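The listed protein sequences derive, respectively, from chains A and B.
For the first sequence, the working numbering assigns the number 1 to the initial residue and increments by one for each residue that follows.
For the second sequence, the working numbering assigns the number 363 to the initial residue and increments by one for each residue that follows.
No lab work stands behind these hints: they were computed from the structure.
Warning: the hint list may mix true and false statements.
Straight-line distance between alpha carbons at most 25 angstroms, and here's what the computed PhoX-like set of lysine-lysine pairs gives [to be verified]:
| # | chain 1 | residue 1 | chain 2 | residue 2 |
| --- | --- | --- | --- | --- |
| 1 | A | Lys331 | B | Lys425 |
| 2 | B | Lys557 | B | Lys593 |
| 3 | B | Lys557 | B | Lys425 |
| 4 | A | Lys331 | B | Lys596 |
| 5 | A | Lys331 | B | Lys429 |
Note that this is a predicted model, so its numbers are computed, not measured.
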Amino acid sequence: MKNSNIRQGFLIITIVILTALISFPVAAEIGGEARLISSLSYSDSELDNNLAAELELQWYFPYNFPLNIQNRAVITLQEGREDKFDLWFKKLYLEKELGPFTASIGRQPISWAYGALINPVDYTLGAENLEQESRAKYVDGIEIYYPINWGSGLTFDVSNLENQKEHKWALRGRTTFRGYDLTASYVRTPVSGSADFERYGLTAKGDLGPVGVYGAYGLWQKEEIDYDIYQLGTDYSYNFLAGSQLYLQGEYLRLEGVKGDITSFDFFNLGAAADTGSSSNLENNLDFFNTNLSYEIDEFSSIGIMTVSYLDDGSTVFIPNYSYTFGSNLKLELRGSIAAGAEEEMLGGDTKGLEITLSYVF
Amino acid sequence: MMFALRRNSKRNYQLKILLIISLLSILLLGVTFLTAAQELTADEIITRRDQNEYVIKAYSESKMIIKNSGRTMVKTMRSWQDGEKALVLFTNPRDRGTKFLKRGDNLWMFFPQAEDLVKISGHMLEQGMMGSDFSYQDMLESDDLTELYNFKLLGEEEYKGRPAYKLEGIKVPGKEVSYYRRVVWIDKERFVGLKEELYAESGRLLKEAVVLEVDKIEGRWYPVRMIMENKLRKNTSTEFIIEKINFNPELPEDIFTLERLR
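Kindly generate the complete structure, drawing on both the sequences and the hints.
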């Protein structure tokens with residue numbers, strides 16, 4: 001009954017937002033991005049190509065519009081899939097000030113980025129890794145923000161409202177101290193037929209002399225999981241006199257207390273990995289080192305490479321990337337993925353991939 | 363009697379001479395004082411320019427046109443500034459909704475699509491703002507230039523038909539600045555910058571900024587169109603155009619907060 005009411009509430013909010021969008025067509029401006037994506041993958045001596053076309057549309061309202069409505073719809077047309085056409089919303093939410101609070105209600109991205117390549121303390125694990133985001137980042141939920149001062153505030157998030165058992169919820173505090181951006185978070189995710197998955201997180205980001213530094217600590221707990229996660233990272237950029245820029249980033253990530261067979265551990269989907277139970281009580285400590293090297297040739301083009309290495313067996317994934325902007329609106333991006341290491345190693349295998357994206361913003 | 367008259371006449375003559383000399387002296391002294399008053403020191407010239415160009419509180423709408431070997435990129439933005447605090451909102455299609463907040467030497471960025479709000483490392487302040495020839499530091503350097511550089515007057519010359527002071531500023535030891543030396547041409551009548559050359563410590567010319575248009579806004583001369591060229595690269599430039607600017611506007615109390623950046 002309770003969930004049914006929530007669903008009805010969401011439906012009403014969605015109708016209100018859509019009505020508002022339709023009611024003020026003259027005042028709003030439509031913008032967005034059109035993308036053509038070719039995904040090539042090579043595995044087991046086989047080359048596959050998958051073509052997709054994506055169109056993101058957003059209504060932009062005038063600054064004096066009485067309601068703060070954030071929206072962004074995505075239409076995807078994908079080759080070779082049974083369900084070729086897909087329409088979904090990245091955002092469709094209403095933001096409203098309620099006394100000292102700011103509430104956001106509806107479909108919204110919830111992200112707690114702090115500059116790390118892998119974020120072990122995000123609201124949704126795996127939502128954003130190696131500068132790429134997944135659809136899991138966009139949730140139907142409510143966010144309530146309470147500002148304490150200019151750089152400090154408390155955020156309460158609740159999502160997964162259709163869940164029959166319980167909702168996923170989180171509390172996060174953020175503050176600044178001597179130029180450092182500090183956060184503390186707690187996330188409680190209901191797990192069907194099991195105790196809730198609880199995650200505690202702490203992050204810090206700031207400068208240490210000429211370099212940027214960041215760190216995180218995470219504690220994940222549920223029935224079969226008790227992980228301690230440590231992360232320490234640094235970044236630095238060098239500006240050549242001719243105007244090109246070199247950006248360097250490196251981070252060490254350690255997961256302590258991972259039980260069982262670690263070869264099935266999915267580093268790129270830490271949330272899923274946390275869900276895999278194991279009968280083995282042997283505990284492993286997993287050590288990773290991730291890097292990002294990027295060279296901005298000029299205002300219009302850049303080239304770079306990211307790596308993820310599992311230090312215990314040396315297996316590495318290389319992610320080279322290149323982008324070229326033809327003008328204000330047209331951009332070409334290439335992003336590869338090459339695994340180096342034996343099949344049985346953590347990040348090994350013979351899979352290679354290349355994603356070519358041509359995008360036009362309007 | 364005649365003698366007395368002659369004596370009086372001679373005395374009158376002497377008095378007249380004295381009077382003339384005194385008047386001339388006063389006049390010369392006056393001219394000397396007047397000349398001294400007009401000969402401004404380098405710091406006074408910079409201060410007079412700062413009275414026009416140094417903005418404490420402002421709201422502006424502007425455009426950047428970035429050119430590189432025939433390719434052009436246009437970025438538009440709205441910005442709010444109050445001393446060392448600034449908020450910039452980009453409005454062009456590719457960056458629409460991207461915001462950055464600067465408070466002192468700290469910079470936060472908001473990426474609208476992902477709704478990520480991230481503190482940017484300090485070293486990034488030296489980078490070109492959104493791919494332009496202007497660094498974040500260039501755009502947001504809110505410190506008084508006379509505190510960062512020791513200026514000296516190199517002379518006076520005409521620049522594009524305008525009488526101008528030519529000054530040189532050398533970095534004050536211990537101060538963090540983007541350029542070691544800068545040479546500026548300042549309009550002698552309007553006290554507004556006309557051209558600026560920015561040098562590395564090695565003496566190499568790094569950038570050149572030329573003011574293409576000045577306008578009198580709210581009683582002060584202000585550069586509204588300028589072009590920055592990176593002298594180490596060929597065929598690149600960034601033109602910066604201020605389409606609207608209000609000095610000392612009423613700014614919302616919470617505008618320079620992380621809450622408003624979201």
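(message) For each hint given before, does the structure comply? Return the numbers of the non-compliant ones in rising order.
(response) none
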